[in-house]
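Chemist: Sequence:
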Amino acid sequence: MTMSNFRGTMPALITPFDGDGKVDETKFRTFLDWLVPQVSGLYVAGSYGSGPIMTVDQRKQVAEIVLDSVSGRIPVVIHVGDPDTYTSIELARHAESLNVSGVASLTPYYYLHGREEIDRHFVSLIDAVSTPVYLYNNPKYTNYCVTAEEIYWLAEKGLAGIKDSSANIQLFYGLVAATRDFDDFQVIVGSQTILLPALVGGGRGCVSGLSNLYPKVVNGIFDAAESGDFDRALAIQREANELRQLTGAGIPVAFYHSALRYRGIDIGVPKAPLVSKTKAEEAAIFAALEKYKHFE
1 MTMSNFRGTM
11 PALITPFDGD
21 GKVDETKFRT
31 FLDWLVPQVS
41 GLYVAGSYGS
51 GPIMTVDQRK
61 QVAEIVLDSV
71 SGRIPVVIHV
81 GDPDTYTSIE
91 LARHAESLNV
101 SGVASLTPYY
111 YLHGREEIDR
121 HFVSLIDAVS
131 TPVYLYNNPK
141 YTNYCVTAEE
151 IYWLAEKGLA
161 GIKDSSANIQ
171 LFYGLVAATR
181 DFDDFQVIVG
191 SQTILLPALV
201 GGGRGCVSGL
211 SNLYPKVVNG
221 IFDAAESGDF
231 DRALAIQREA
241 NELRQLTGAG
251 IPVAFYHSAL
261 RYRGIDIGVP
271 KAPLVSKTKA
281 EEAAIFAALE
291 KYKHFE
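Numbering of the sequence shown is given in our numbering, commencing with residue 1 and proceeding in unit increments.
The set of hints was computed from the structure by calculation and includes no laboratory data. Computed from a predicted model, the values in this text were never measured in an experiment. Incorrect hints may appear among the rest.
Stated by the list, open to error - In silico BS3-like links for lysine-lysine, alpha-carbon gap of 30 Å or less:
1. K293 with K27
2. K60 with K291
3. K293 with K60
4. K27 with K60
5. K157 with K22
6. K157 with K216
7. K279 with K22
8. K279 with K291
9. K27 with K279
10. K157 with K140
11. K157 with K293
12. K22 with K291
To be verified - For each label pair, taking beta carbons as the anchor points, the in silico distance ranges come out as:
13. D18 with D68: 36 to 44 Å
14. A167 with E25: 29 to 37 Å
15. K293 with R232: 42 to 50 Å
16. Q170 with G19: 43 to 51 Å
17. E296 with Q245: 43 to 51 Å
18. E25 with R120: 41 to 49 Å
19. Q38 with A167: 42 to 50 Å
20. A167 with T2: 35 to 43 Å
21. R232 with D68: 34 to 42 Å
22. A235 with D68: 37 to 45 Å
Cβ coordinates follow ideal geometry from the N, Cα and C atoms, glycine included.
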């Protein structure tokens with residue numbers, strides 16, 4: 001299924017692991033069976049999905065499990081970003097062999113790159129596959145933030161879209177404006193915390209960690225905004241932001257392992273060095289989530 005004119009919520013899919021750091025395929029498939037009917041797409045092996053701490057073989061395994069489980073029902077974008085361009089290309093070619101809807105890559109991280117290195121990475125990726133390529137902008141974790149001018153240049157080279165996790169609404173608006181003349185170019189917000197203003201400004205979709213747990217939150221903002229009920233959309237947006245405060249700082253993978261158990265879904269444990277919540281911490285999470293039962 002293509003990403004052309006994609007609209008809606010795309011969970012930043014959490015990956016289940018066992019205590020030995022292996023992908024727990026049984027729990028993964030059970031989670032996907034529950035989640036897929038509730039969402040518009042999946043974003044796989046990104047930050048929430050533990051992509052940066054998986055082996056290349058694990059990332060390929062995860063892609064294969066997801067594509068098999070989804071079976072063409074919704075679009076799937078596989079994150080292939082890596083500090084090494086050649087590994088990104090290897091993962092992208094593997095994803096292409098699975099007939100994914102698209103591949104996405106973080107701007108290469110760890111080393112402090114400038115625009116020349118970033119542009120070379122994405123042009124190499126675009127040239128290596130026919131599958132649509134998306135840029136994942138996450139400056140907090142990569143020490144690099146794209147500009148609207150750069151994205152315009154990459155769109156001319158064939159970039160299909162951008163997932164922007166900068167949380168900078170001014171930048172987001174600039175990205176939409178810079179790419180409005182490119183047919184089907186997707187500007188997707190990488191956090192539900194600014195979803196409503198992003199939709200007002202021309203955004204088409206949202207990759208959301210929260211959608212692993214409560215898809216109705218992001219779906220509700222979309223539906224209310226589309227119908228013109230901005231009071232309702234704003235009310236849900238405020239609750240979404242309350243929930244994001246509850247998850248804690250950073251990329252709260254361990255929170256979602258616990259919170260999904262509250263909803264009756266066992267997705268195992270995070271992969272080391274990430275650490276599971278204690279029993280006391282998990283009990284506190286369960287108690288806090290009682291307030292949000294209307295999103296179940």
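Chemist: Next step is simple, just say for each hint if it's right about the structure.
Modeler: Outcome of the hint check:
1. K293 with K27: holds (23 Å)
2. K60 with K291: Status violated; Cα separation ~38 Å.
3. K293 with K60: Measuring from Cα to Cα gives roughly 35 Å; hence the hint is violated.
4. K27 with K60: holds (17 Å)
5. K157 with K22: Judged against 30 Å, a Cα distance of about 38 Å means the pair is violated.
6. K157 with K216: Outside the cut-off at roughly 36 Å; violated.
7. K279 with K22: holds (23 Å)
8. K279 with K291: The given pair, whose Cα atoms are some 20 Å apart, holds under the 30 Å limit.
9. K27 with K279: With Cα atoms ~21 Å apart, K27 and K279 stay inside 30 Å; holds.
10. K157 with K140: holds (26 Å)
11. K157 with K293: Distance ~46 Å between K157 and K293 Cα, so the pair is violated.
12. K22 with K291: Distance ~34 Å between K22 and K291 Cα, so the pair is violated.
13. D18 with D68: 36 to 44 Å: violated (19 Å)
14. A167 with E25: 29 to 37 Å: holds (34 Å)
15. K293 with R232: 42 to 50 Å: violated (18 Å)
16. Q170 with G19: 43 to 51 Å: holds (44 Å)
17. E296 with Q245: 43 to 51 Å: violated (20 Å)
18. E25 with R120: 41 to 49 Å: violated (36 Å)
19. Q38 with A167: 42 to 50 Å: violated (25 Å)
20. A167 with T2: 35 to 43 Å: violated (28 Å)
21. R232 with D68: 34 to 42 Å: Distance hint for R232, D68 holds at roughly 37 Å.
22. A235 with D68: 37 to 45 Å: holds (38 Å)
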